[in-house]
Amino acid sequence: GAVVSQHPSWVICKSGTSVKIECRSLDFQATTMFWYRQFPKQSLMLMATSNEGSKATYEQGVEKDKFLINHASLTLSTLTVTSAHPEDSSFYICSARAGAGNTIYFGEGSWLTVV
Amino acid sequence: LAKTTQPISMDSYEGQEVNITCSHNNIATNDYITWYQQFPSQGPRFIIQGYKTKVTNEVASLFIPADRKSSTLSLPRVSLSDTAVYYCLVNRNSGNTPLVFGKGTRLSVIA
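These protein sequences, in sequence, are chains F and W.
Under the numbering used here, the first sequence has 63 at position 63, and the numbering climbs by one with no breaks.
Numbers in the numbering used here are just positions in the second sequence, counted from 1, shifted up by 1000.
Simulated from the structure, these hints should not be mistaken for lab results.
Virtual Cβ for every residue (Gly too), placed ideally from N, Cα, C.
Check before you lean on any hint, since a few could be wrong.
Claimed, not checked - Part of the chain W face toward chain F, derived, beta carbon under 10 Å:
#1 P1044
#2 S1094
#3 N1096
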């Protein structure tokens, strides 16, 4: 199937700093990517829809100034967690819709730990 | 998007066939049914997707009755490595529509 890759797989940052997570579609172009957050033992929660060349659409309750999303090309979307706090520690997962069959594929996920 | 409902957990012995049923009563005409598998600390992995009747691939089968209000994922001869959370989702055939996850079914395979 199609491949979606995230980087880094895990990152530790100090409270108050910013951290960027990249999501790439490796073998297809994705005009739309989706960002999720998952806490331990819970399901995935949709954060935002990332649209190439335009502003992201955020779900209710997700702070757009804290979780900056940039989708500058057809294969790359980035999520920047600004002024990170320990409560932002979570597993962040991106996904993208591939062409044939309209299947959505997910990245490997990125663990963020804020200390 | 239609809400999906599936059992919270299931247990099975190795070598058995496992069937996980999901209900999606309000599924729309242009919605597909998609199943994902997720292991701890990994992103969901696509298993199978279908629109109606039966779909089979090398991993699983998906049974969808004519009214499409439910679906059943069938995993043949499960092994310990199939222990995971399985999500049933409705996938709208539209570029900007995301998948909305429910709680999923936690399958535990026992030796």
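Please write out, lowest number first, the hints stated earlier that are contradicted by the structure. Violated hints: none; all satisfied.
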